[in-house]
Amino acid sequence: MNDIVINKIQKRGRNCAMGKDSLITQEARAMIGKETETVTGVAHLKEIRRFCYAVGDINPLYLDEETAAASRNRGVVAPPMFFEIPTTQEFPLDLLKEDGIVQSRNPVPLKATRSMAGGNEVEFFKPVRPGDVLTRVTKIADIYEKQGSSGPLVFTVFEQRYTNQDGELVAISRVTGISR
Amino acid sequence: MVSKQLYFEDVAVDDPIPAMVKHPTRVQLFMFSAITWNAHRIHYDKDYAKMEEHPDVLVHGPLQGAFLGQFMTDWIGPEGTLKKLTWSNRGRAFPDERYIMKGRITGKKVEGGVNLVECAIWGENKDGQMVAQGSASVALPSRG
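Line order of the protein sequences matches chains A and B. Just so it is clear: in the first sequence, position 143 is 143 by my numbering, and no numbers are missing. Just so it is clear: in the second sequence, position 84 is 84 by my numbering, and no numbers are missing.
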């Protein structure tokens, strides 16, 4: 989504957010700008390989040790969008709602029942390597509302900073979740 | 697969980026749900997807993002670097249908000795509807 569209939506969002039909609670609004959680996880080689096969990204730089060792990376690295995997949190099945989504996945309390992916803006700084220990710090960057064809949509933007075991910045993502 | 190396001198503003086609299957969606630990039923349970007003199960937004990442890394080759990738999910894509990625070069500059190329990129469903729209910034080696 380009900046102009985002600005338009945000302006509209701020207007309709005041309406009585807003899905954004006062509690949610108070979370904008706040850090919500810090999670650490290991980038396992097997998970990198599973991710590559699931995506169909069979690049030898990720999957073939010999090719990877001879490359400028001097070893296997993960494909670009793998960085989210090591810090994806596990949860027991009884925390799943009927739709299969864990309630705590969206820490922002909204008066919405359904969710969808909205997109992402990622800056990459360092490749992820097998064995890396990644730490993700999440901040709620923005929450805004837009009138969709079938009612209000809430856009929650999570700003996530990923660092590795050496304290180096790996990636910054601004991931948007849509709730309705 | 890694394609041949792309060089900064090979690209010009307004050039199209060679398209990449994916054919996501229901099995692939299941495997992506598994590796991302995502149990959302709209990606594997058609009856449930209809309850959320979707005609069929949906290709995950983040899978489309991973496709777009591959679209860029296959294009730039092993010596190229993906610096930035953005997309917004704007429509629905379904399994067992063609998913085609296209792009265009929007800018070229040398910044601090790095050869940067800016691109507009997007994904289309089988009806040609733009279902993911984004941008990428890549660094390319020079022939010189």
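Hints listed in this document are in silico derivations from the structure and should not be mistaken for laboratory results. Certain hints may be false.
[Said to hold, decoys possible] Derived coverage of chain A by chain B (criterion: at least 3 residues anywhere in the stretch with Cβ under 8 Å from a Cβ of chain B; other residues may be distant): (1) 26-32; (2) 42-54; (3) 69-79; (4) 134-146; (5) 158-171.
Glycine residues also receive a C-beta, built at the ideal position from the N, C-alpha and C atoms.
- Message: Closer than 8 Å Cβ to Cβ for three or more residues is the test here. Does the segment 158-171 of chain A pass it with chain B?
- Response: Violated: only 0 residues of the segment 158-171 of chain A have a Cβ under 8 Å from chain B.
- Query: According to a criterion of three or more residues whose C-beta lies within less than 8 Å of a C-beta of chain B, is the segment 42-54 of chain A covered?
  - Reply: holds (count 5)
- Task: Count residues of the segment 134-146 of chain A with a Cβ under 8 Å from any Cβ of chain B, then say if the count reaches three.
- Result: violated (count 0)
- Item | Proximity test - 8 Å, beta-carbon atoms, the segment 69-79 of chain A to chain B, at least three hits | holds (count 3)
- Given coverage of the segment 26-32 of chain A by chain B, checked by CB-CB distance under 8 Å (3 or more): Per the Cβ count (0), the hint is violated.
The structure fails hints 1, 4, 5 (numbered hints given earlier, in ascending order).
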